[in-house]
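Asker: Single-letter residue listing:
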Amino acid sequence: MQQEASVRAEAPSKAAIQFRQGSAIRQLWETNLEVFQRDRMALFGLFIFAVFAIVAIFAPQIAPNNPLTPLKNNEGDWIKDAMPYWLAEPGEDEAEGYSNTFLLGTTNIGRDIYSQLIHGSRSALLVGFSAAAAVAVIGTVVGLLAGYYGGWVDAVLMRAADVAFGIPFIPFIIVISAFMDPSIWNVVVAMAVLLWRDTGRVIRSQVLVIKEQAFVSAARVSGASDLRIIFVYIAPSILPLSFLYGSFAIAWAILTEASVSFLGFSDPETISWGFMLQDAFNSLALSREAFYWIVPPGLCIMLTVMAGFFIGRGYEEVLFPRLRRM
Amino acid sequence: MSRGVAYYILGRFLQSVMVLWIIVTLLFLLFRLAPSNPLASYIDTTFTKQQEAALLARFGLDKPLGEQYIIYLVNLLKLDLGDTFSYSGKTVLDILGADLPNTIYLTLTSLLLAYAVGVLGGIVMAALRGSWIERLGTTFTLMTRAAPQFWVGMLLLTFFAFQWKLLPSSGIGPPMVRYRWETEWDKLMSPVFWRHMILPTFTLALYLHGLPLLLMRSNMLEVLDQDYVTMSRLAGYSEWRVMMQTAARNAMLPVLTALTLGIGYSIGGNVVIEHVFSWPGLGRTLVRAVQQADYPLAQGAFFLIAVIIVFMNFIADIMYSLLDPRVGASAQAQVS
Chain B
1 MQQEASVRAE APSKAAIQFR QGSAIRQLWE TNLEVFQRDR MALFGLFIFA
51 VFAIVAIFAP QIAPNNPLTP LKNNEGDWIK DAMPYWLAEP GEDEAEGYSN
101 TFLLGTTNIG RDIYSQLIHG SRSALLVGFS AAAAVAVIGT VVGLLAGYYG
151 GWVDAVLMRA ADVAFGIPFI PFIIVISAFM DPSIWNVVVA MAVLLWRDTG
201 RVIRSQVLVI KEQAFVSAAR VSGASDLRII FVYIAPSILP LSFLYGSFAI
251 AWAILTEASV SFLGFSDPET ISWGFMLQDA FNSLALSREA FYWIVPPGLC
301 IMLTVMAGFF IGRGYEEVLF PRLRRM
Chain E
1 MSRGVAYYIL GRFLQSVMVL WIIVTLLFLL FRLAPSNPLA SYIDTTFTKQ
51 QEAALLARFG LDKPLGEQYI IYLVNLLKLD LGDTFSYSGK TVLDILGADL
101 PNTIYLTLTS LLLAYAVGVL GGIVMAALRG SWIERLGTTF TLMTRAAPQF
151 WVGMLLLTFF AFQWKLLPSS GIGPPMVRYR WETEWDKLMS PVFWRHMILP
201 TFTLALYLHG LPLLLMRSNM LEVLDQDYVT MSRLAGYSEW RVMMQTAARN
251 AMLPVLTALT LGIGYSIGGN VVIEHVFSWP GLGRTLVRAV QQADYPLAQG
301 AFFLIAVIIV FMNFIADIMY SLLDPRVGAS AQAQVS
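Order-wise, the sequence lines are chains B and E.
No gaps in the numbering here: position 139 of the first sequence is 139 in the working numbering, and each next residue is one more.
No gaps in the numbering here: position 215 of the second sequence is 215 in the working numbering, and each next residue is one more.
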């Protein structure tokens, strides 16, 4: 499986990061500001996340129905497989199976698809952001320690990365979920355990360059401890790189969560877009050409994943100026 | 081949063996130390204590953990992956041996298609840099990488298999046809098989083409800046020749590495596509094995996929160092 970040930012050795002067926090703030000022697509990505975040927070208020409850009409019959009214030809009405109340129709057991879509944003963003945070933090710490200390610390951590590179990702999550209770957190754990490998390697090679800089020697001479040098002096320079990998990891996590749910290894009590598609697939929505059920969850996944891509590419442009004209 | 290179290859090989050994050990620990007994789904509540003990003994689960581990390693070396729980009378190797070719056909065909399109597309995108075609093309490629593979598969299925009824929706062929395939060769010569392969191949290739395209495009842009490209332009070669012969050739190397790594990772990542199209390959078997708590089969499938990935990583490393001695071993980070 491919990590987006590697497509362009493949070798920091080729295009070294631009160093900034000034206090650590200010450097970081300026880089982040530059990313979203320079790159309109990155800003658009941020906007997409913001919209979905609002939807996720207010999901219970926005969604007209409970996403898990099968619904009945006034006569007490289940409202199964209702098609949305805007698909109806003139003259067709509820008798033909169209419904005025459900924007995207209902599932084969009468659950409201639109409400599921709204609630699905919760799992996507929760998994996306927590997995990305875990990957970025672990990868950054591993890269910092391996690059700074070198020697056996480096050897052990990089061999661990080799092992992580040898483990197939999706199969790993599937096997893990055989032993754990179904939960969206399995994806987060699996990503944290495996996917720090790319971030760790790239940050390590960057730390190797930074630790030769004059300001690091100066800090050492003035008596700063190793940990202080690592986290106060070196870390701020490589943090934008962690953000870069973190943004791609959000996209990656959302896609993975969707795949795992689609394969049926997620918690059936938690609505996610992947789960919706699994539900549609298993109840033969395909042969009924129920596009109103199949298309929306996929579009939502695609939008959020692209948002992660856009932001990641924004960071690349700022961090690797040589790529800019490309 | 110099002595240094030989040592490098040997070192890399030993390292790959080590990596594999650690993975196998982790796999063993994962399956044995899991909270539930590996036979839990197999043991009926009506079993007597003796029956349960006999069953544990049959699978060697009554021995101490250390001894189990040694037996497990020796069996792996002998390629004995044990018996399956869910397919009676078949060994894990039987099942995986039947699956592996199907996964390989699907993966290789898709990869070749994706890389052919990707490399050409990357060259075109680089040549057209800054134009609206390039913008449109790159956006489309990003979309194919953002869309979940299974969803693209579902949409294609709905159109081509259900709405227009042009192509089969699942499997590798109807039982009556499969019955007549005695060897893999018969299967490969059968038009029915290839008809079943169209949709999964296209879905997978659509996703896979993005990496070589974006990689080729950015490599081309980098190469086009080099002196020797300027020189060949000044020498009066046509733009076509400069692009194809001088620039593209030099931009290909990272793409070839990506392809090698891609073989390994795609075989492990095919799970979702095999599931959508009910393609009888390694990935689908892994999903089923886990669903049916068939632990020997799940373990075996995972092991086989890991072996393929580690092996392809090794090949990519060697290839990279042979073709471009300047480059270290960090090529992996590109496609993982």
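Keep in mind that the hints are not guaranteed to be accurate.
Claimed, not checked - FRET-style restraints, in silico, Cβ to Cβ:
1. E:Gly171 to B:Glu89: 30 to 38 Å
2. E:Arg195 to B:Asn282: 23 to 31 Å
3. B:Ala214 to E:Asp225: 56 to 64 Å
4. B:Val189 to E:Leu108: 28 to 36 Å
5. E:Trp21 to B:Val189: 20 to 28 Å
6. B:Ala53 to E:Leu77: 30 to 38 Å
7. B:Gln61 to E:Arg178: 47 to 55 Å
8. E:Gly171 to B:Trp185: 33 to 41 Å
9. E:Asn75 to B:Gln61: 39 to 47 Å
10. B:Leu33 to E:Leu256: 33 to 41 Å
11. B:Ala214 to E:Leu108: 31 to 39 Å
12. E:Ile104 to B:Ser183: 27 to 35 Å
13. B:Ala53 to E:Gln163: 31 to 39 Å
14. E:Trp132 to B:Leu33: 48 to 56 Å
Claimed, not checked - Which stretches of chain E does chain B cover? Using the computed rule of at least three CB atoms under 8 Å from a CB of chain B, they are:
15. 155 to 162
16. 242 to 256
What the hints assert, rightly or not - Just a sample of chain E residues kept apart from chain B, beta carbon distances all over 12 Å, derived:
17. Leu26
18. Lys187
19. Tyr228
20. Leu261
If you are wondering where the hints come from, they were derived from the structure by calculation, not from laboratory data.
Owing to the predicted nature of the structure, the values given are computational and were not obtained by experimental measurement.
Glycine included, every Cβ here is placed at the ideal spot set by N, Cα and C.
Asker: Each hint needs a verdict: does it hold in this structure or not?
Answerer: Checked hints:
no.: 1; hint: E:Gly171 to B:Glu89: 30 to 38 Å; verdict: 36 Å, holds
no.: 2; hint: E:Arg195 to B:Asn282: 23 to 31 Å; verdict: 25 Å, holds
no.: 3; hint: B:Ala214 to E:Asp225: 56 to 64 Å; verdict: 30 Å, violated
no.: 4; hint: B:Val189 to E:Leu108: 28 to 36 Å; verdict: 33 Å, holds
no.: 5; hint: E:Trp21 to B:Val189: 20 to 28 Å; verdict: 24 Å, holds
no.: 6; hint: B:Ala53 to E:Leu77: 30 to 38 Å; verdict: 52 Å, violated
no.: 7; hint: B:Gln61 to E:Arg178: 47 to 55 Å; verdict: 54 Å, holds
no.: 8; hint: E:Gly171 to B:Trp185: 33 to 41 Å; verdict: 34 Å, holds
no.: 9; hint: E:Asn75 to B:Gln61: 39 to 47 Å; verdict: 58 Å, violated
no.: 10; hint: B:Leu33 to E:Leu256: 33 to 41 Å; verdict: 39 Å, holds
no.: 11; hint: B:Ala214 to E:Leu108: 31 to 39 Å; verdict: 52 Å, violated
no.: 12; hint: E:Ile104 to B:Ser183: 27 to 35 Å; verdict: 34 Å, holds
no.: 13; hint: B:Ala53 to E:Gln163: 31 to 39 Å; verdict: 36 Å, holds
no.: 14; hint: E:Trp132 to B:Leu33: 48 to 56 Å; verdict: 29 Å, violated
no.: 15; hint: 155 to 162; verdict: holds (count 5)
no.: 16; hint: 242 to 256; verdict: violated (count 1)
no.: 17; hint: Leu26; verdict: 8 Å, violated
no.: 18; hint: Lys187; verdict: 25 Å, holds
no.: 19; hint: Tyr228; verdict: 18 Å, holds
no.: 20; hint: Leu261; verdict: 9 Å, violated
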